[in-house]
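Chemist: Given the sequences, and given the hints that come with them, work out the whole structure.
So you can see what is in the structure, the chains are spelled out below.
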Amino acid sequence: AQKITQTQPGMFVQEKEAVTLDCTYDTSDQSYGLFWYKQPSSGEMIFLIYQGSYDEQNATEGRYSLNFQKARKSANLVISASQLGDSAMYFCAIQTASKLTFGTGTRLQVTL
Amino acid sequence: EPEVTQTPSHQVTQMGQEVILRCVPISNHLYFYWYRQILGQKVEFLVSFYNNEISEKSEIFDDQFSVERPDGSNFTLKIRSTKLEDSAMYFCASSEAPSHSYGYTFGSGTRLTVV
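If you read the protein sequences in the order shown, they are chains A and B. Take the first sequence: its position 99, counted from the start at 1, is 126 in the numbering used here, and no numbers get skipped. Take the second sequence: its position 101, counted from the start at 1, is 1019 in the numbering used here, and no numbers get skipped.
Do not take every clue at face value.
[Stated by the list, open to error] FRET-style restraints, in silico, Cβ to Cβ:
#1 Y91(A) with Q959(B): 16 to 26 Å
#2 G958(B) with I73(A): 10 to 20 Å
#3 I978(B) with S58(A): 21 to 31 Å
#4 I938(B) with E88(A): 31 to 41 Å
#5 K996(B) with A45(A): 42 to 52 Å
To be clear, the hints were calculated from the coordinates, so they are not data collected in a lab. Ideal Cβ positions, reconstructed from N, Cα and C, are used throughout, including at glycine.
Modeler: Below you can see the structure in the form of structure tokens.
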């Protein structure tokens, strides 16, 4: 079975600062994918970034980067230059076979 | 950009009634999924569907639930006799292939309230 652990239920960051959201995972599969999704208050799930287990380089998508440390089984999301619109719930997820397993999420609040 | 469309966005139903949640996946995607999120909790996998049959289902997906692809575009989730604990946001998702490198596209969700 797969498991995702997000230990930060809530985080605050000042506008324009960088923030790291933690995610650790557990799986016995050798091939897997790691995802981050953003869920604003409106409820939709917005894909942010993906990292494959065999990818040697950390994934980046604009202001988002994924700090992938395979030996430590961690896949932290780094958001640079935070914006007020980044305030939302953030979910880390692992995909093996045909399903995603999500963590409990981190609520990020960006302040002025 | 292609998107997954879910209808309705909100549904209120009485306990014991049947509900059908509808989804239109991205046209060239072959794999379809339903997830649910009880308010304030994490997103949970319900079922995956490919080639007109269920590929995998979770323990949540009991006999009260069923999925169907009635035509070439729609993908539906039916709950036969709703319970209060079925109140949740239901997300449909689709992907080109089950391999994780293809990723998923989620719909905006249907918020189901059972009263």
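Chemist: Take the hints in turn and mark each one as holding or not.
Modeler: Checked hints:
1. Y91(A) with Q959(B): 16 to 26 Å: 24 Å, holds
2. G958(B) with I73(A): 10 to 20 Å: 19 Å, holds
3. I978(B) with S58(A): 21 to 31 Å: The hinted range 21 to 31 Å holds for I978(B) and S58(A), with Cβ atoms some 25 Å apart.
4. I938(B) with E88(A): 31 to 41 Å: 36 Å, holds
5. K996(B) with A45(A): 42 to 52 Å: 45 Å, holds
In the structure shown, no violation is registered for any of the earlier numbered hints.
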